Amino acid sequence: MKAERDLRLDLFRGLALWLIFLDHIPSNSMSWITIRNYGFSDATEIFVFISGFTAAFVYGRAMRENGFMVGGVRVMRRAWQIYVAHVFLFAIYLAEIAYISQRFDNPLFTEEMGILDFLKQPDVTIIQALLLKFKPVNMDVLPLYIVLLGTFAPMLWLLLRSPSLALALSGLIYVLMWWFDWNFPAYPGGGWIFNPLAWQLLFVFGAWCALGGARRLDRWVHSWWVLGLAIAYVLFCFAITLTWHIPRLGGYVPQVIGDLIYPIDKTNLDVLRIAHFLSLAVITIWLVPRNAAWLKLPLFRPLILCGQNSLEIFCLGIFLAFAGHFIFTTISNRLGMHILVSVAGVSIMAAMAWFISWYKKIERRGPGARPPAARPGLAGGGA
Amino acid sequence: MRMLGSALLVLVATAVPVVAVPDHPAECRIAENQLDHGAELPNVIKAIKAKQFNILVIGAGSSTLPGADGATKAYPARLQAVLAERLPGVTVNVSTDVKSGRTAPEALATLKSALASKPALVVWQAGTVDAMKSLELDSFNAALDKGVATVQRAGADVILINGQYSPRTESLIALSTYAENMRWVALRRGIPLLDRFNIMKVWAELGTFDFETPTKKLDIAERVHDCIGRLLGDLVVEGSKTVAPPGGGR
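Chains as they are written, first to last, in the working numbering: chain A, 1 to 383; chain B, 1001 to 1250.
Keep in mind the hints are simulated off the structure, nothing from the lab. Bear in mind that the values here come from a model prediction, so they are computed numbers and not experimental data. One thing to keep in mind: the hints can contain errors.
Listed below are the simulated SDA-like cross-link pairs for lysine to any residue, each with C-alpha atoms no more than 20 Å apart in a straight line [unchecked claim]:
{"no.": "1", "chain 1": "B", "residue 1": "K1217", "chain 2": "A", "residue 2": "F104"}
{"no.": "2", "chain 1": "A", "residue 1": "K133", "chain 2": "B", "residue 2": "D1138"}
{"no.": "3", "chain 1": "A", "residue 1": "K120", "chain 2": "B", "residue 2": "K1146"}
{"no.": "4", "chain 1": "B", "residue 1": "K1133", "chain 2": "A", "residue 2": "D117"}
{"no.": "5", "chain 1": "B", "residue 1": "K1133", "chain 2": "A", "residue 2": "P185"}
{"no.": "6", "chain 1": "B", "residue 1": "K1217", "chain 2": "A", "residue 2": "D123"}
{"no.": "7", "chain 1": "B", "residue 1": "K1073", "chain 2": "A", "residue 2": "P107"}
{"no.": "8", "chain 1": "B", "residue 1": "K1241", "chain 2": "A", "residue 2": "G251"}
{"no.": "9", "chain 1": "B", "residue 1": "K1216", "chain 2": "A", "residue 2": "Y99"}
{"no.": "10", "chain 1": "B", "residue 1": "K1216", "chain 2": "A", "residue 2": "F104"}
{"no.": "11", "chain 1": "B", "residue 1": "K1133", "chain 2": "A", "residue 2": "Y187"}
{"no.": "12", "chain 1": "A", "residue 1": "K120", "chain 2": "B", "residue 2": "G1101"}
{"no.": "13", "chain 1": "B", "residue 1": "K1217", "chain 2": "A", "residue 2": "Q102"}
{"no.": "14", "chain 1": "B", "residue 1": "K1217", "chain 2": "A", "residue 2": "T330"}
{"no.": "15", "chain 1": "B", "residue 1": "K1099", "chain 2": "A", "residue 2": "D117"}
{"no.": "16", "chain 1": "A", "residue 1": "K133", "chain 2": "B", "residue 2": "K1133"}
{"no.": "17", "chain 1": "B", "residue 1": "K1146", "chain 2": "A", "residue 2": "D259"}
{"no.": "18", "chain 1": "B", "residue 1": "K1133", "chain 2": "A", "residue 2": "D259"}
{"no.": "19", "chain 1": "B", "residue 1": "K1133", "chain 2": "A", "residue 2": "V124"}
{"no.": "20", "chain 1": "B", "residue 1": "K1217", "chain 2": "A", "residue 2": "D105"}
{"no.": "21", "chain 1": "B", "residue 1": "K1216", "chain 2": "A", "residue 2": "D117"}
{"no.": "22", "chain 1": "B", "residue 1": "K1217", "chain 2": "A", "residue 2": "V124"}
{"no.": "23", "chain 1": "B", "residue 1": "K1216", "chain 2": "A", "residue 2": "A186"}
{"no.": "24", "chain 1": "B", "residue 1": "K1146", "chain 2": "A", "residue 2": "G258"}
{"no.": "25", "chain 1": "B", "residue 1": "K1133", "chain 2": "A", "residue 2": "Q128"}
{"no.": "26", "chain 1": "B", "residue 1": "K1133", "chain 2": "A", "residue 2": "D123"}
{"no.": "27", "chain 1": "B", "residue 1": "K1099", "chain 2": "A", "residue 2": "T110"}
{"no.": "28", "chain 1": "B", "residue 1": "K1099", "chain 2": "A", "residue 2": "G114"}
Here chain B stands alone, though its shape is the one from the complex (with noise of 0.2 Å):
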């Protein structure tokens, strides 16, 4: 339950210095704090360094758009796009699972087969289809527990997603109970979460994207996706980074 931590949000975000990245477009803002900086990517670093970074994005519905060019305006093409121009000579490659429909523990199940194409990093998107199922939180929990090891076992790094904010279907979809609960998650597994849904709240606060307005056109969509690819792009990055976190670092 981050409302405390959004409102305040919006009374800051205004004056709070935002991410220190200075080509985002200004809509892709956020409080510096809503970014979770905390852990480093030890596979990553070591991917950089080999100038191979291979990136698997398992996600569903909400990893994608609709459309004939929809995955090339989707998030895991636009964290292509702003990572091989942030690491200049190190081959970025993102490769996709994306599957609307799909919960988390059905993506657990075909994760070993996606893990072949030896990624340095998995950014697993997840928490939509969960909630629309209602499927039980335990369950839910220990798919990610699960999915984490198995990625980690691997070799490589791992960063989550959390749902969309998604205002219009709030009274039908606990969304924002499954996206506290993958906070849970990454703090005990000491792993960085994006945390889509809290974002996507903050900027429909501040008037930032309309979520509101019925439209059957794709441009705000395309600019969330956008943003949301920079500011992953963020994390990877700080995460590449060999600096100690407060706390240590877990």
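For reference, chain A alone in the conformation it holds in the complex (with noise of 0.2 Å):
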């Protein structure tokens, strides 16, 4: 199989690490402009459905031609980096909140300030961060990806024999988990906000896309009927979520349609958003063919980066996030200053990723070059 990157998932992970970046910011009033707030799945979706789908194609081509211990060794390598960045991001937040536990004092607050008691027994909270346990706010993505990735291998070898039954497998999973109420133990209490037996259907289903099966759907995605029904179902999630903002108009939404719909569940993958992100995806493909010509256009180009670069710039908007609330939280909470710090964050991040992309061409082109073939980390820029 000639096996050509196609662009588009490039761009648009390059997009969900930037509406993710947005999103992260605590009370960012530029984050109106993100996904989340016109339908029911947001940048999350995106993100997991394609790392899935480069996943598979990074370590899928490296499996077959080097072998199941192989390809799995490499999955795992990737997995223990980003275990590595997350709990270095795990040390910058600490040190925020034992800045703020020092320097913020108000009444209003008393009760909000509670949470700093956790500072009181590092020997607990430090050792639960470590077995990822306990995650602080916004912090649980990373987790995630690292459970997806670290159990990946065996999927992947079933995924490379026989695709339908390793989806169907990913699917039984996913309703058990629903059935069985089944999740991950979180602390100090719950689960995690990112069931990982929930969203692994996404992630496999990525994979599965990238090895032949988003050939197998072309012919239902291209149907009209399909994008019709694509269309129809986003304009409802469109028009639900205005209810949201708007809370008179929750009157408008019919008892039983509110029944049926609510909660919209995030922790466990509600159905409702796998609807939405897949109709969103239909939609996608339809307005951008694989090889549209603007794709290649220089304004899209920091977006294709960041895409390219993933692991080191979400670890990067992550950071940016915590000092984009450090900077709302010291010096200014108003309007204008959302959007700056905004703004300066993607140009920071497609910055960075500019860099790293650059300095990658020169290690490849340096002495003692290997050939690209045997680093399928670099020629896919990640999974």
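Make one complex out of these two single chains by using the hints.
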């Protein structure tokens, strides 16, 4: 199979990374532009689906060419890298809250400040964080990704042999998860915000699409009937989300529909969210053909570069979100600052992505260069 | 996720006429569509007719203020003062069952005994401690659902209040998740919600109140509670008018 990288994947993963950054700065007014305000699914779905797609694309080739062990170890190494990145971000997080706990006092928030009590028992919290059970707000995506990649090797093996069986198995895990309420335990209570047993479905579906599934779906995706259905559903979701922003409209949602759809479960990847993501995907495929010339325009270059260096840019985005929030609370929390911080953050992400890509090119050209075929992590820009 | 809502509100709040109650201090004013005047409160209407209106406020730490006279400056006491003024001839009596560090399921456990005072209206504040303890959303919802049903069976109306907007702890507590969730519970059960979280957020964005500068003084806290008490009073008064809301009212 002549596998040429689909630029659309990079473009939309880059977009998802930008949206995740905007959404991750608490109370950022600029996040009103992100898709979660206009429908049920959000950037997380895009990120997980495309990550599954590229993981299968990159490590599938490694596994086919070099065997299960080599491919498997490569996936595990990636999972380890992400774990290290997560711990690094946790250290930054600790620094931020230690600072806040020493500098902030307001009797209005007496109860909320109680959260800082956990600093008094670092023996418990730090260990729980290393076990991925204690996860600060907005630091839930990487642990999900670690679990998805850490367990991906056997799934990939099965996907290469019997894609349909692998997808069916993934669906079965999803159904059992809903049936028995399975989730990974979290600290201090409850389960993971992104239940890996639920979200694996989208990841494996992405992988399945990468390994030939997309071609099998072609006929469906390109039927007018499916497109019409997708547009209708996206409009329906938009109408419902509108009632969240404007409480008065809530009265127009018939009780039956409300009872049927609420709550829309993000933790367990609600079917309504999957449907919304798939509808968006169908519409996107119609609007953006695989080799659309405009994908190569310089205008979209920053997005594509970000998508190609997703781990680095994701971590940078989380860090910048911390920094942005810090600026909001210490300097200014007005709209102008929100816009400034958002634009600056996205620019820094794009600049860093360009820099990483530039360095990778230099490294590949350097003395003793290894053939790129043996280095799928670089050729594919990581998974 | 009401980012869009609050972003738009920031833009329109200055231009759009505010809640049509003339006697609020300017700082309490919020854009009209942020108060959800949808639901009618039948038990409140009955109580006002009978001239005896008992209210019970169930809440956690953010329903009171620290200090010796904290309770008298907190929003339940302010609500009583506002309603006494706006409902002449009616004896308004607000009692509280407030305990800091209490989750919604814990409040549910003592709800039955708290209802012994026969209130016509229960104001239930939740969502802060639940977020701090990262309670599972399912059990949070279930507790609220059960609590609302229990109160309604006891012949009282319910108004929910979600958590406070607390900018400094935002990266520590997922308050907005639980605040949004309470909106869904309220929508589903067709009861009003005082969206304290987003109201306070608009105040922060407009610069009405400064939640960020460290202070040991209670002045901002008291003014915020005063405003919350007034806005709550608006919800009660609006709910006691028998006007069909848009969409037939749920």
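We went through each hint and held it up to the structure:
Between K1217 of chain B and F104 of chain A the CA atoms are separated by roughly 13 Å; this keeps the pair inside 20 Å, and the hint holds. A distance of roughly 19 Å separates the Cα atoms of K133 of chain A and D1138 of chain B; the hinted pair therefore holds under the 20 Å criterion. At roughly 35 Å between alpha-carbon atoms, K120 of chain A and K1146 of chain B are farther apart than 20 Å, so this suggested pair is violated. For the hint pairing K1133 of chain B with D117 of chain A, the CA-to-CA distance comes to about 12 Å; that is within 20 Å, so the pair holds.
Distance check on the hinted pair: K1133 of chain B and P185 of chain A sit about 13 Å apart at the alpha-carbon level, within 20 Å; holds. Taking the CA atoms of K1217 of chain B and D123 of chain A, the gap is near 34 Å; set against the 20 Å cutoff, the hint is violated. Straight-line distance between C-alpha atoms of K1073 of chain B and P107 of chain A comes to about 13 Å, which keeps the hinted pair within the 20 Å bound. Between K1241 of chain B and G251 of chain A, the direct Cα distance comes to roughly 17 Å. Compliance with the 20 Å bound is thereby established for this hinted pair.
The suggested pairing of K1216 of chain B with Y99 of chain A holds, with an alpha-carbon distance near 18 Å, which does not exceed 20 Å. Under the criterion of a C-alpha separation no larger than 20 Å, the hint pairing K1216 of chain B with F104 of chain A is consistent with the structure, at around 10 Å. Taking the CA atoms of K1133 of chain B and Y187 of chain A, the gap is about 9 Å. The hint holds against a cut of 20 Å. Between K120 of chain A and G1101 of chain B, the direct Cα distance comes to roughly 17 Å. Compliance with the 20 Å bound is thereby established for this hinted pair.
For the suggested pair K1217 of chain B and Q102 of chain A, the alpha carbons sit about 17 Å apart, so the restraint of at most 20 Å is met. Using a Cα cut-off of 20 Å, the hinted pair K1217 of chain B and T330 of chain A holds, with the two alpha carbons roughly 19 Å apart. For the suggested pair K1099 of chain B and D117 of chain A, the alpha carbons sit about 18 Å apart, so the restraint of at most 20 Å is met. Pair hint K133 of chain A plus K1133 of chain B holds up; C-alpha atoms about 13 Å apart against a cutoff of 20 Å.
Between K1146 of chain B and D259 of chain A the alpha-carbon distance is near 16 Å, which keeps this suggested pair within the 20 Å criterion. Taking the CA atoms of K1133 of chain B and D259 of chain A, the gap is near 27 Å; set against the 20 Å cutoff, the hint is violated. For a cut-off of 20 Å, the pair hint linking K1133 of chain B to V124 of chain A stands: about 15 Å separates their Cα positions. Between K1217 of chain B and D105 of chain A, the direct Cα distance comes to roughly 9 Å. Compliance with the 20 Å bound is thereby established for this hinted pair.
Restraint check for K1216 of chain B and D117 of chain A: satisfied, since their Cα atoms lie roughly 19 Å apart, inside the 20 Å limit. Note on K1217 of chain B and V124 of chain A: the hinted pairing is violated, with a Cα-Cα distance of about 34 Å set against a maximum of 20 Å. Under the criterion of a C-alpha separation no larger than 20 Å, the hint pairing K1216 of chain B with A186 of chain A is inconsistent with the structure, at around 34 Å. Pair hint K1146 of chain B plus G258 of chain A holds up; C-alpha atoms about 18 Å apart against a cutoff of 20 Å.
About 14 Å separates the Cα atoms of K1133 of chain B and Q128 of chain A, which keeps this hinted pair within 20 Å; it holds. About 18 Å separates the Cα atoms of K1133 of chain B and D123 of chain A, which keeps this hinted pair within 20 Å; it holds. Between the alpha carbons of K1099 of chain B and T110 of chain A the distance comes to roughly 13 Å, so the proposed pair stays at or under 20 Å and holds. Between K1099 of chain B and G114 of chain A the CA atoms are separated by roughly 14 Å; this keeps the pair inside 20 Å, and the hint holds.
Comparing the model with each numbered hint stated earlier shows that hints 3, 6, 18, 22 and 23 do not hold.
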